[in-house]
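Residues per chain, in single letters:
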Amino acid sequence: MNVIYFAWVRERIGIPQETVETNAATVNDLIAELRAREARYDAAFADITALRVALDQELSDFDSSLAGVREVAFFPPMTGG
Amino acid sequence: MTVRVQTDPFDAGAELNGFAKGRGDVGAVVSFTGVVRDTQGNLREMLIEHYPGMTEKAISAIADEARKRWDLADVLVIHRYGPLAVGAPIMMVATAAAHRAAAFEAADFLMDYLKSRAPFWKKEVTAEAETWVAAKNADEDALKRW
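Listed in order, the protein sequences are those of chains A and L.
Under the working numbering, the first residue of the first sequence is numbered 1, with each subsequent residue one higher.
Under the working numbering, the first residue of the second sequence is numbered 1001, with each subsequent residue one higher.
No wet-lab data here; the hints were simulated from the structure.
Worth double-checking, as some hints may not be accurate.
Not everything, but these chain A residues come out facing chain L in the computed CB check (under 10 angstroms) [said to hold, decoys possible]:
no. : residue
1   : 3
2   : 7
3   : 11
4   : 14
5   : 21
6   : 58
7   : 59
8   : 62
9   : 68
10  : 71
11  : 73
12  : 75
13  : 77
14  : 78
15  : 79
16  : 80
Far from chain A by the CB rule (all over 12 angstroms, computed), these chain L residues [stated by the list, open to error]:
no. : residue
17  : 1074
18  : 1104
19  : 1145
For each residue, glycine too, the CB sits at the ideal point set by N, CA and C.
Next comes chain L alone, as it looks inside the complex (with noise of 0.2 angstroms):
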């Protein structure tokens, strides 16, 4: 299992390409990448603020959590923080597995949970304002699925 939280950017392939590597029990490798998005066409940067030492915990507590309800080989998170660029990766996931529906399943719960209890926050700034972004009640409610 890796959990990394930085600032760097990271490529996400290259962290692909050596996840689970090797393995002979891992039939498949479902991963997300988290984009910075431009919604109104006038994002400047995105601001994300983080827990140090809280979200390590966090993050590895979902990840525990996800390796107890499914039989995974492996876990890859990785988070950033600071200014990140229009387009810019923002975290990945990554889950291997022996078979697909544990893969996909797991890398969903973790999505899920790092968004609403991974202690981060992101502030979208524009030439005319910075704004926090709000939690949706759909993140929230997406948590009851699982």
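The shape of chain A in the complex, shown without the other chains (with noise of 0.2 angstroms):
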């Protein structure tokens, strides 16, 4: 699936999106398998509380399941308007 990363998540992990080859069946674990990748995705998601994810462009909740998901987007709350 692709992976996208906004703003300071962007940053901290060092690039704007990637394929990522998955079997996670929840946000939660698909956070838990990139943490063990490397330190900069473990600072990234250290506090999810920090964070809002979207599954295919739609806001959703880190419990959510990935059946089906084709695009997962991770970002800080947003700062429209």
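Now that you have both chains on their own, put them together as the hints suggest.
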């Protein structure tokens, strides 16, 4: 699946997006896999209360299923307007 | 309904003059324009990042919700991204309705939701530092009144 990062999450991880091969069942499972990879991922996902997630461009929850999902985006709370 | 996400500047006055023009059922037009503010007196520019694809969908969904809640003749939302100078317009909303209460309330609703539910992120750039603007708890709390 395509995983996209925005704002300071993108800066902390160091890339805007990547293709991730995973069997993670939920967003939380995917985060656990990413955190186990490298320190920069571990740091970016250290406090998920500071993060939001969108699945296929819809705001979602961290316990949501990833079944059928093609695009996951992680970002801080939005500051539009 | 018009939703535009763009890097280019816009002329809020010209947009407003053309908005809901010629609609005999419109008795009230309300607009809001957000402008880059230099809070500390040292802002070089504001950088706005967004999520192409989701941004347009999220704004359209918010505008659709406003049209469900209020009897609106038209809705306009323009939001810029990229580097913006102090004093530059960031975004505007306009609502048109038969009476002012619906137009005011819908514009207020749109602004509250665009602030916390449209995927934009603001970064303040000064000579010394680049700082992501943190979302305020008050902005999230503002959604509860709707």
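Tested hints:
With its C-beta approaching chain L no nearer than about 13 angstroms, residue 3 (chain A) sits outside the 10 angstroms limit, and its interface hint is violated. Nearest Cβ of chain L to the Cβ of residue 7 (chain A): about 4 angstroms, under the 10 angstroms cut. The hint holds. A hinted interface residue such as residue 11 (chain A) counts as satisfied when its beta carbon comes closer than 10 angstroms to some beta carbon of chain L; here the least separation is about 8 angstroms, so the hint holds. Hint status for residue 14 (chain A): violated, given a least beta-carbon distance of 15 angstroms to chain L, over 10 angstroms.
Look at residue 21 (chain A): its Cβ only gets to about 23 angstroms from chain L, farther than 10 angstroms, so that hint breaks. The interface hint given for residue 58 (chain A) holds, since its Cβ lies 8 angstroms from the closest Cβ of chain L, which is under the 10 angstroms cut-off. Hint status for residue 59 (chain A): holds, given a least beta-carbon distance of 7 angstroms to chain L, under 10 angstroms. Proximity of residue 62 (chain A) to chain L is violated relative to the hint, the smallest CB-CB distance being about 17 angstroms (cut-off 10 angstroms).
For residue 68 (chain A), the suggested interface contact is broken, since its CB lies about 17 angstroms from the closest CB of chain L, more than 10 angstroms. With 10 angstroms as the threshold, the beta carbon of residue 71 (chain A) comes within range of chain L, its nearest partner Cβ sitting at about 9 angstroms, so the hint holds. Using the Cβ-Cβ criterion of 10 angstroms, the hint placing residue 73 (chain A) at the interface with chain L is satisfied: the shortest such distance is roughly 6 angstroms. Annotation: interface hint on residue 75 (chain A) holds; nearest CB of chain L at approximately 7 angstroms, less than 10 angstroms.
Satisfaction of the interface hint for residue 77 (chain A) is found here, the shortest Cβ-Cβ separation to chain L being roughly 4 angstroms, below the 10 angstroms cut-off. Because the closest C-beta pair between residue 78 (chain A) and chain L is about 5 angstroms apart, less than 10 angstroms, the hint holds. Here the hint on residue 79 (chain A) is kept, as its CB sits about 5 angstroms from the closest CB of chain L, short of 10 angstroms. The beta carbon of residue 80 (chain A) is positioned within 10 angstroms of a beta carbon in chain L (closest approach about 4 angstroms), and the interface hint is therefore held.
With a least CB separation of 20 angstroms from chain A, residue 1074 (chain L) remains clear of the 12 angstroms interface cut-off, as annotated. Listed as a non-interface residue, residue 1104 (chain L) keeps its Cβ farther than 12 angstroms from every Cβ of chain A; the least gap is roughly 17 angstroms. No Cβ of chain A comes within 12 angstroms of the Cβ of residue 1145 (chain L); the nearest lies about 16 angstroms off, and the non-interface call holds.
Of the numbered hints stated above, those contradicted by the structure are hints 1, 4, 5, 8 and 9, listed in ascending order.
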